[in-house]
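Number of protein chains: 2
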Amino acid sequence: MKMLKVVLVVADGLGDRPVPKLGMKTPLELVDFSIVADLLHKSAVGLWDPIQPGVRPGSDTAHLALFGVNPLNNYPGRGPFEAIGAGAILHPGDIAFRGNFATVDKSMTVIDRRAGRSIPEAKQLVKYLNENIGEIDGVKVEIYHATEHRVAVVFRGTSLSDAVSDTDPHTEGVKVLESKPLVGSEEAERMARIVNIFTRRVYELLSACPLNSKRVEKGVPPANVILLRGAGKMVKYPKFSERRDVNLRKAVAISATALVKGVCALLGFETVTPRGATGGVDSDIMAKARAAVDFYKQDYDLIYVHVKGTDSASHDGNPEAKVGVIERTLKGISYIVDRVDLGEVVISFLGDHATPVTVKDHTSDPVPVMVYAPGILADGFSKLTERDARKGSLGRLRNTELFGVLMDYSGRAEKFGA
Amino acid sequence: MKMLKVVLVVADGLGDRPVPKLGMKTPLELVDFSIVADLLHKSAVGLWDPIQPGVRPGSDTAHLALFGVNPLNNYPGRGPFEAIGAGAILHPGDIAFRGNFATVDKSMTVIDRRAGRSIPEAKQLVKYLNENIGEIDGVKVEIYHATEHRVAVVFRGTSLSDAVSDTDPHTEGVKVLESKPLVGSEEAERMARIVNIFTRRVYELLSACPLNSKRVEKGVPPANVILLRGAGKMVKYPKFSERRDVNLRKAVAISATALVKGVCALLGFETVTPRGATGGVDSDIMAKARAAVDFYKQDYDLIYVHVKGTDSASHDGNPEAKVGVIERTLKGISYIVDRVDLGEVVISFLGDHATPVTVKDHTSDPVPVMVYAPGILADGFSKLTERDARKGSLGRLRNTELFGVLMDYSGRAEKFGA
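Protein chains in written order, with my numbering: chain A, 9 to 426; chain B, 9 to 426.
These are computed hints drawn from the structure, not numbers from a lab. Being a predicted model, the structure only gives us computed values, none of them experimental. Any given hint could turn out to be false.
Identical chains share a label here; the pair holds if one copy fits it or two copies do between them.
[What the hints assert, rightly or not] SDA-like mimics (lysine to any residue), calculated; alpha carbons at most 20 Å apart, straight line:
no. : residue 1 : residue 2
1   : LYS399    : VAL254
2   : LYS368    : ALA421
3   : LYS423    : ASP324
4   : LYS183    : LYS222
5   : LYS423    : GLY325
6   : LYS33     : PRO382
7   : LYS29     : LYS148
8   : LYS423    : ASN82
9   : LYS241    : PHE424
All chains, please: the whole structure from these sequences, using the hints.
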């Protein structure tokens, strides 16, 4: 079978629902598709449920499924992926927690679960902790700042367990919880001890930290503890080059989003953020398209372009901005189409999940997907919308199935059987 | 519930994609369906993904799913099924490998991984080996010729393991590999030893074989070793009569294809090849139809007719031949319809997987399926094509679901629950 290159363009949070201020149309229904009309006409269209109908995807789980790894069987929980999204590079066996800076009194009773939420000193506090916390029982500790009061905490050592309870009581007015082993293993007992030492040491370090003294002087609650929840043990994902079901050697992900780049790196992608690509609605999408063409002309089999602005606009509840980012993404696709050989490439455009502007958060609605491949049974559509996509010949694909379809149309799928 | 007989007709590799030389129509779109128009009109239509969207089926995995066994959970790898396709009758616990006749020099360095590919003496070489190789550590060895340089090798004994590495280096200019245990068990260590003794013994026997001396005289590379890959341990499949989910006592498969007959035999079918049925495009399909009617008139619950010519034409990239085989298959179906009681039978026509003539290999495209049953919600279609089938009331069935539907419409499915 002849192997073709694959160019995959995702507009994050693309799928949507009817918007009252758009006359009950969806953002996609207001988009001008004329710039990619020819490509769309030759493509098959359908819907994709990133996980399965009714399951709201995260960007991490959606991207795992998009690249052929079923997150229902291979997901260690949010802890490790929060850490990856905050810039951590995790190794299999690492234990990661989600965490909050919080405020406790001397008896370790939680006064404010978010330490006032606004913590301009957060990055400095994290740096201070990382410089001073040291190892605990031979285990390395890394803290990463995410957003506002949110952090991720990584424990790295041998024979660690994620079977331990949260220290976060998930409410205020009660004491910080002791972490307890959830199973009767030595590893879990040791891990709980390490977590409890961590909590005490963080409290002592932060209580003595001048940045907190200044917060108290200003009358804001000190960020004097980190509450942990959702322990997860990092798993090993197969890199493309190790997989037996597909023939992919080199893949590149073009994105400005740490979580997406982190997931892609786990799967064996090189990751690149072109200058001007910001992950926001103002991102230079054409810079990503130019990068995609550069990689296409090299020996890359799979070129992935990730556009975050659609999701940002959705979280802001701004349908007009979403339409604008989609149209700039289509210009990027058109730039790529003009510079590749349509007899030698598979091109797909889709969302990684729906983020309706009326909801401002990820939902489980299936997302529209377009697949161009030489010789595909084309639907001849002139638009790609939530409504039209239901009638497309790709039908409704789930989870890893879309990746299989892309691998098959590009001649890169191994036969299952004789 | 009244139990009906089921007649299932598969045109192997039926599904296709638009073909340039057919004006971007698929072979099915050029087929004259008038001879089965009445049956089709009373049938429900849909699509079937033999494994799941994006997974390219083999004939073995597709037939397992077709008869209600999910190959994603019950497939030992290609080794055993290559052996079955080459005529072996396997028992649970047998270890089977795919193999190649190859050419090595005295240091066991691989000179030609396929021994020139054309080996007219292959069957004689296999016979010579089977007569002389003997047992290895109490384990029986059987070699089967498949096609050209390809063989399958079966090891039969007690407590054998398939957790051993290939001897095939998958490249030339390097030595034949020692098989190594892939897990730390006694069984795997013994199996690796047996495989390595096999390799040495085959090399010695073939090096001394006069057939190879003649090849060398003719200037073609001697077939002086067998390279093994893909060890698999045969599993036990439930026979129809043992299954709790369906009520089927007697089933017959009418086919001229060893792999299909082998899979059917594993599941409890009797298997029959009528005179004139060849598995090629010239096969006497009407002989199969006559056999189907004969079995229908006896006490068989499930009569399966397999037509291979559609797949052969597809592998040859010959759409006109494919149209011809489909039309002769429809004549066979019409012959059957004229001789059964449509109030007492379920009739289904479909492909076991797609083999687009433009690709010349199995792809994951869903295949059109037609189900006639008394009282079914019919779609009233006049053709069965890839495009029309999307609109059919059967929707898009996956894996074992189609078998469940056939069993239900024939009153043979057990209720799941109270």
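**Prompt:** From the Cα coordinates, with 20 Å as the cut-off, is the pair LYS183 and LYS222 best called within, between, both, or neither?
**Reply:** Neither way: LYS183 and LYS222 sit 25 Å apart in one copy and 71 Å across, limit 20 Å.
**Message:** Treating 20 Å as the Cα threshold, decide for LYS29 and LYS148: within, between, both or neither.
**Reply:** neither (52 Å within a copy, 65 Å between copies)
**Asked** Given a CA cutoff of 20 Å, do LYS423 and ASN82 count as a within-copy pair, a between-copy pair, both, or neither?
**Response** Between. Shortest inter-copy distance 16 Å satisfies the 20 Å Cα cut-off; intra-copy 23 Å does not.
**Request:** Up to 20 Å between alpha-carbons, please classify LYS423 paired with ASP324: within, between, both or neither.
**Result:** between (44 Å within a copy, 18 Å between copies)
**Message:** Please sort LYS33 with PRO382 into within, between, both or neither, judging by C-alpha distance up to 20 Å.
**Reply:** between (32 Å within a copy, 14 Å between copies)
**Prompt:** 20 Å Cα cut-off: does LYS423 pair with GLY325 within a copy, between copies, both or neither?
**Reply:** Classified as between; 19 Å across copies, 44 Å inside a copy.
**Asked** How would you label the pair LYS399, VAL254 (within, between, both, or neither) given a Cα cut-off of 20 Å?
**Response** neither (29 Å within a copy, 31 Å between copies)
**Asked** Within a copy, between copies, both or neither: where do LYS368 and ALA421 come within 20 Å Cα-Cα?
**Response** between (37 Å within a copy, 14 Å between copies)
**Asked** Can you tell me if LYS241 and PHE424 fall within 20 Å by alpha carbon in one copy, between copies, both or neither?
**Response** between (31 Å within a copy, 16 Å between copies)
Consistency with the previously given hints fails for numbers 1, 4 and 7, ordered from lowest to highest.
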